[in-house]
Amino acid sequence: MDFQDILFAISNECADIKDTAVNIVKTYLNGHWKTADSDSITIKKINGGLSNWLYKITLSPFQDPSHDSKQNTILLRINGPNYGKFAKNQKITDSLVFLLMSERGLGPKLLGVFPNGRIEEFVDARPLQTSELSKPNISSAIARKMAHIHSLNVPISKNPDFVYDLMFHWLQELLLHEDTYKPKNLELFKEFKNYDLLSEVAWLKQYLRKYSSVIVFSHNDLQEGNILITNDSLHSNNPSLVLIDYEYCSYNYRGFELANHFLEHTMNYNAEDYPHFTIDLSAYPTHEQQMGFIHQYLTTYHELLPKDSITNYAEEEKKLLNEVHQYRLLSHLMWGIWAAAHSQCGIKFGYWDYSMARLNAYFKTKEDIISFHMKSTGKRNLC
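If you want my numbering, it's the position in the sequence shown, counting the first as 1, plus 22.
The hints are simulated quantities; they were obtained by calculation from the structure and are not laboratory data.
Label-pair ranges, simulated between beta-carbon atoms: (1) 50 with 389: 46 to 54 Å; (2) 256 with 311: 17 to 25 Å; (3) 256 with 56: 31 to 39 Å.
Using N, Cα and C, we set each Cβ at its ideal position, and we do this for glycine too.
Please work from the sequences and hints to get the whole structure.
Printed below as a string of structure tokens:
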């Protein structure tokens, strides 16, 4: 079954997607799944994915008398459209990293891989809600998970400029194929082009170098939808979290990972009405919340990598907070360009609206940083 067949099935959300799911599980799974048909499975779409489609699939107890719910429920992940060779290579990296996380007990088990997606263990958990990111017990658990991920040595390219390469790639695709990506509101596209984002990416890459942020293996997309909390730990002081969706993982500067996560406190991607997201900048973590997260992150990171231990935690925390402050720019710019480049993927989301919201936030943040720099030095030029 090729990708166009799968897309057709998704767009005709009833029997077609069931038949598609049956074909996939019969091909890639063993046991009672081999004899499954559209009458013996239930399928439920899981909301929240902005780059792919997620389905919970359960085998009927009549199909398997033993009815081990853990064995008879799986997650089917269907990737969104690929945009050139660059994106296809990243899908391979995503599957490799997912397998490594699975083998190390840091993520769900990988049950099968097919050309346009994969089959995963279904974890009895739910995605976090935006409002939960700031809860002290959950925030501390995320900081520990992030530190654990950052401590790993993963066999992929150690090039920390992957995110910049990705933005250049997306922009080239957008500018080469304008007619494919143009929104109905042509004024949005005109405004997008007037930003001269290729120059912005080049400038930001040069500007952020001076902050010498530590290079670590990064998830790069730690928003609430990619952080699962297990149902048996919802009220625990030490909740059990599972990080998922390593589609954009790479070696990156740690300042980006923390800044990006803090900005996700302000984003809600589950709004019912168009454009299906809301932004509340007042929800950005307070100074106290940021410092609490940073302290937990650094403590855990240096426990895992004692050879990298530091003697002056206060100085390191201050340095990392400054990195976070600057790397907000990269988060806004990356996701602003990402949204425009994914505007044709077919998922119900206001991609162009989101793109302009993040880009406007980028330029507002940049101007704020310039203003602060001028007050401190009397100079406007940051580089």
